[in-house]
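Chains as they are written, first to last, in the numbering used here: chain A, 1 to 317; chain B, 1 to 130.
Hints in this document: simulated from the structure, not taken from any laboratory. Beta carbons are placed, not taken as given, at the ideal position from N, Cα and C, and that holds for glycine. It cannot be assumed that every hint is accurate.
With beta-carbon atoms standing in for the labels, derived distance ranges [unchecked claim]:
#  : chain 1 : residue 1 : chain 2 : residue 2 : range
1  : A       : Arg112    : B       : Gly115    : 37 to 45 Å
2  : A       : Lys164    : B       : Arg114    : 48 to 56 Å
3  : B       : Arg114    : A       : Gly313    : 52 to 60 Å
4  : B       : Pro113    : A       : Arg43     : 38 to 46 Å
5  : A       : Leu140    : B       : Arg64     : 46 to 54 Å
6  : A       : Asp68     : B       : Asp37     : 49 to 57 Å
7  : A       : Arg43     : B       : Pro100    : 30 to 38 Å
8  : B       : Asp37     : A       : Arg238    : 43 to 51 Å
9  : B       : Asp37     : A       : Arg112    : 33 to 41 Å
10 : B       : Pro111    : A       : Arg315    : 56 to 64 Å
A few chain B residues that face chain A, going by a derived Cβ cut-off under 7 Å, partial list only [stated by the list, open to error]:
#  : residue
11 : Leu67
12 : Ala68
13 : Met69
14 : Val70
15 : Thr71
16 : Ala75
17 : Leu81
In silico SDA-like cross-links for lysine to any residue, where the CA-CA straight-line distance does not exceed 20 Å [what the hints assert, rightly or not]:
#  : chain 1 : residue 1 : chain 2 : residue 2
18 : B       : Lys80     : B       : Asp56
19 : A       : Lys146    : A       : Val120
20 : B       : Lys94     : B       : Arg58
21 : B       : Lys99     : A       : Asp68
22 : B       : Lys86     : A       : Val251
23 : A       : Lys119    : A       : Ala191
24 : B       : Lys86     : A       : Arg37
25 : A       : Lys266    : A       : Gly250
26 : B       : Lys86     : A       : Arg107
27 : B       : Lys99     : A       : Ile54
28 : B       : Lys86     : A       : Asp68
29 : B       : Lys80     : A       : His24
30 : B       : Lys86     : A       : Lys146
31 : A       : Lys119    : A       : Asp68
32 : B       : Lys86     : A       : Thr249
33 : B       : Lys94     : A       : Thr14
Listed here are the chains, written in short residue letters.
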Amino acid sequence: MATGCSVAAAQTITLRYAQAASAHKSIYSLPIALAEREGLFRREGLDFRVVIPIPGGADLMIAALHDDTADLAHVATPFLVRAALAGSDAVAIAAEFNDPIYSLVARPEIARMADLKGKVVGMADPDGSIAYSMRKLLALHGMSEKDLRLRTIGGTPARLGCLKRGECAAVPLGQPQDLLAQSEGYRLLGASNDAVPAYLYTVTAARRSWAAANQDAVVRYVRALAASFATIRDPAKRGAVVNTIVEMTGVEPAVAERVLELYAGKNVLPRRGEIDLQGLAQVIAFMGETGQLKDPLPAPQRFVDLRYLQDAGIRPK
Amino acid sequence: MPAAKVLAFLVALLFPLHALAGANRDRGQDEVGPGPDEGPSYFGMVRDAAGKPIDDARVTATSRDGLAMVTRSDATGAYKLPGFNKRHNPDEVKISCAKPGYRQYRVFRHPSPRGGPVRAVETECRLQKS
Chain A
1 MATGCSVAAA QTITLRYAQA ASAHKSIYSL PIALAEREGL FRREGLDFRV
51 VIPIPGGADL MIAALHDDTA DLAHVATPFL VRAALAGSDA VAIAAEFNDP
101 IYSLVARPEI ARMADLKGKV VGMADPDGSI AYSMRKLLAL HGMSEKDLRL
151 RTIGGTPARL GCLKRGECAA VPLGQPQDLL AQSEGYRLLG ASNDAVPAYL
201 YTVTAARRSW AAANQDAVVR YVRALAASFA TIRDPAKRGA VVNTIVEMTG
251 VEPAVAERVL ELYAGKNVLP RRGEIDLQGL AQVIAFMGET GQLKDPLPAP
301 QRFVDLRYLQ DAGIRPK
Chain B
1 MPAAKVLAFL VALLFPLHAL AGANRDRGQD EVGPGPDEGP SYFGMVRDAA
51 GKPIDDARVT ATSRDGLAMV TRSDATGAYK LPGFNKRHNP DEVKISCAKP
101 GYRQYRVFRH PSPRGGPVRA VETECRLQKS
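Just chain B, same shape as in the assembly (with noise of 0.2 Å):
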């Protein structure tokens, strides 16, 4: 399929399930929320070499087994992905972000803050044209 097509395909299968998403975003399938053994979140940016954020990237979180969690930067270059449960470490978890026409070239984690329990995890991704 052309690209052009599938875009169109994407946009027109995904546009209607995101509206009944809002009502119940696991119609036809159960949904169970998450749970006390969620461990930290993480979020941050990704952005160019210049430091412009980059929208619409893949950014995955690897766990050390190979669970991975997906989601996409928005507009301004943010995303945030929730906690693996807490028998993953969180420092074994491993950011990575790509794009057609970019290749990743640093990945940054900010430090947590110390003392108290890690709630979320920032790191930030820097891709640049391939």
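The following block holds chain A by itself, in its conformation from the complex (with noise of 0.2 Å):
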């Protein structure tokens, strides 16, 4: 492994980082954005660029890998999953957000999740993460989706209109909207989290033959991603996480504090980038309950090159 020393006299290495739009002013940057930041990818060696791919939605981040447009992508599992059946090499090579918490927020007169029903309720995708980890919230209460009128509505920010225009009794909203709509007097019915333990949705993944032709680059970027989950843990830089989140989402510092605060203590964001293969194991359950994929279900591990985290010192979950 380089000390830091070796790094700094090491030549710099660029590096090209494709992210979605959407995620790239979402709470799911924090820690790219706080990595830059805090120049963490310098200290490394490394020249990082993020590149946002036009158009460009989470769908097509693996896509970037292939026609040369990045190095490394930020991309949702099931994504990663399927591209890799239809063909690609690509792999992951660290976790960003593993147990995402989305609220079930419900209009003020809704008190309680057995009110919800015969109401209309604005639902993402149903073959995506959100749809299937409430779905699972709302059995933990009882209750299914046939006890609901479902809308389905892309986006928490579209979601959230729908919830404050009254076409909606409730909707599953992302930080920090769910915290703003409760903050505004909408109820808390519930979040995915409580239903879904473990998940792994959003990881780094590069080209396997890429990859392992540049292997000090990526090595030093897990580097640099470490350090950044670790500035998030830490109490002395928490000013410098407030910033970093008011910058991306726009929201007041007060607003970023309860985020970090309803993240603390949770399985959200990984310790140092470790791949949780329970939680990617999760995701491919879901995508098979979904009917997006056919028994047998793949291994995680087939999706997944763990030397580089092994490398940068990081042990497996």
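With the hints as a guide, bring both chains together as one complex.
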């Protein structure tokens, strides 16, 4: 492993990291944005550049690795699994977000989950991670989607709009919109991670072939990412983390503080970028349950390459 | 992987995903739309030395701090990119273009209309056979 001094002496390596425009403005870019802000990539001798493919939803991030738009990509795990099964050699090299918190937030007159029966609930794509976790949350309360009138609405901002217009009785919201809504009197009925305790939501992916040929660069990247997660947990760096969230999402510092309080002690963020294979197995199981994958379901090990985490001194979870 | 195989893989990968994208562009990862803090958009044409449009060229807009947005020119050579955050000065955003077999030899930024805020920045990018 290179020391700090030898890294500083080594040649700077340029790394291009693809990220969906939506993710770039969301809480899901926190580890990367903080690493940039705190100079953690520079410290590893990396000239780190975020590249936003246009058009480019989460579904096109793996393609960005194949058409030489980027070297690394921020990708939601179902897309990685699907691409790998379609022939891509892309694999996860580090975890970015484990178990995201989606809050089921209801209008003020809805006091409990059972009050939603027969009412319109704005839901994310039925085959996506959010809808999956909400189904599990409903089941936890003895309910199913059949008890509701579902309306598919993509994106937390759009779902929040439906709630505020009174067209939806409840909607799943991410951070910080869920906290903002609650501060305005909307009610929290439950959270996704009450029902799905293990998950692997987003990862950094690279093509196996590219990563093997650029091992030093990948290990430096993983070390910088690990340092970012350590910074997020460092009380002395709280101000820098809060400021990063404010710059990314445009919320007030008090709301950013509440986001961090919400994440504290939960399995939302990895400790150092370690990949939770159990969480990835949960993603694969969910893809099986929703008919996106057929039996026999693939093993999670097929979609990861742990050598870079190991070379960076990070133990598997 | 041979070039033809890579191309076939990309077509196979992208086609069904584009079909899904219409339903929910960011399925599996939540979407945040453009906010009020978005600066001017960037648009223009990619042409060859004779002025003929070049399709499928990669066009990159790079801000001063290194953030880049990348798109491809369409069949008419046109491209369009959304704006960066307003804190980025559009005068410091560089447009570049590339395509295998070509090299960039000229980038011409059209002057913005005077008076009022700049809503879009037009830049023409010229490539010539290398």
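Hints versus structure:
1. The hinted window of 37 to 45 Å between Arg112 of chain A and Gly115 of chain B is violated, with their beta carbons roughly 57 Å apart.
2. At roughly 40 Å, the beta-carbon separation of Lys164 of chain A and Arg114 of chain B lies outside the given 48 to 56 Å, and the hint is violated.
3. Between Arg114 of chain B and Gly313 of chain A the C-beta distance comes to about 58 Å, which sits within the given range of 52 to 60 Å.
4. Distance hint for Pro113 of chain B and Arg43 of chain A: a CB-CB separation of about 44 Å, consistent with the stated range 38 to 46 Å.
5. At roughly 49 Å, the beta-carbon separation of Leu140 of chain A and Arg64 of chain B lies within the given 46 to 54 Å, and the hint holds.
6. As the Cβ distance of Asp68 of chain A to Asp37 of chain B is approximately 31 Å, the hint placing it in 49 to 57 Å is violated.
7. Between Arg43 of chain A and Pro100 of chain B the beta carbon distance is about 35 Å. The supplied range of 30 to 38 Å therefore holds.
8. Between Asp37 of chain B and Arg238 of chain A the CB atoms are about 25 Å apart, so this pair departs from the stated range of 43 to 51 Å.
9. The hint said 33 to 41 Å for the Cβ distance between Asp37 of chain B and Arg112 of chain A, and at roughly 38 Å that hint holds.
10. At roughly 57 Å, the beta-carbon separation of Pro111 of chain B and Arg315 of chain A lies within the given 56 to 64 Å, and the hint holds.
11. Against a cut-off of 7 Å between C-beta atoms, the interface hint on Leu67 of chain B holds, since the closest Cβ of chain A lies about 5 Å away.
12. The restraint placing Ala68 of chain B at the interface with chain A holds, with a minimum CB-CB distance near 5 Å, inside the 7 Å limit.
13. A distance limit of 7 Å between C-beta atoms decides the matter here; for Met69 of chain B the minimum to chain A is near 5 Å, and the interface restraint holds.
14. Against a cut-off of 7 Å between C-beta atoms, the interface hint on Val70 of chain B holds, since the closest Cβ of chain A lies about 5 Å away.
15. Given hint, Thr71 of chain B at the interface with chain A, holds; its Cβ is 4 Å from that chain's nearest Cβ, closer than 7 Å.
16. For Ala75 of chain B, the suggested interface contact is broken, since its CB lies about 16 Å from the closest CB of chain A, more than 7 Å.
17. The closest approach between the C-beta of Leu81 of chain B and any C-beta of chain A is roughly 5 Å, which is under the 7 Å cut-off, so the hint is satisfied.
18. The straight-line distance between the Cα atoms of Lys80 of chain B and Asp56 of chain B is roughly 13 Å, inside the 20 Å bound, and the hint therefore holds.
19. Annotation: proposed proximity of Lys146 of chain A to Val120 of chain A holds, straight-line Cα distance about 11 Å (limit 20 Å).
20. A distance of roughly 14 Å separates the Cα atoms of Lys94 of chain B and Arg58 of chain B; the hinted pair therefore holds under the 20 Å criterion.
21. Of the pairs offered as hints, the one joining Lys99 of chain B and Asp68 of chain A holds, with about 11 Å between alpha carbons and a cut-off of 20 Å not exceeded.
22. Annotation: proposed proximity of Lys86 of chain B to Val251 of chain A holds, straight-line Cα distance about 16 Å (limit 20 Å).
23. Restraint check for Lys119 of chain A and Ala191 of chain A: the C-alpha separation of about 19 Å stays at or below 20 Å, so the hint holds.
24. The hinted pair formed by Lys86 of chain B and Arg37 of chain A meets the criterion: a straight-line CA distance of about 18 Å does not exceed 20 Å.
25. Taking the CA atoms of Lys266 of chain A and Gly250 of chain A, the gap is about 24 Å. The hint is violated against a cut of 20 Å.
26. Restraint check for Lys86 of chain B and Arg107 of chain A: the C-alpha separation of about 34 Å exceeds 20 Å, so the hint is violated.
27. Only pairs whose Cα atoms come within 20 Å are accepted, and Lys99 of chain B paired with Ile54 of chain A is accepted, the gap being roughly 17 Å.
28. Using a Cα cut-off of 20 Å, the hinted pair Lys86 of chain B and Asp68 of chain A is violated, with the two alpha carbons roughly 28 Å apart.
29. Of the supplied pair hints, the one linking Lys80 of chain B and His24 of chain A holds, its CA atoms being roughly 19 Å apart against a limit of 20 Å.
30. Our distance criterion of 20 Å between C-alpha atoms is broken by Lys86 of chain B and Lys146 of chain A, whose separation comes to about 45 Å.
31. Note on Lys119 of chain A and Asp68 of chain A: the hinted pairing is violated, with a Cα-Cα distance of about 47 Å set against a maximum of 20 Å.
32. Under the criterion of a C-alpha separation no larger than 20 Å, the hint pairing Lys86 of chain B with Thr249 of chain A is consistent with the structure, at around 14 Å.
33. Proximity of Lys94 of chain B to Thr14 of chain A is assessed by CA-CA distance (about 18 Å); at most 20 Å being required, the pair is judged to hold.
Comparing the model with each earlier hint shows violations of hints 1, 2, 6, 8, 16, 25, 26, 28, 30, 31; every other hint is respected.
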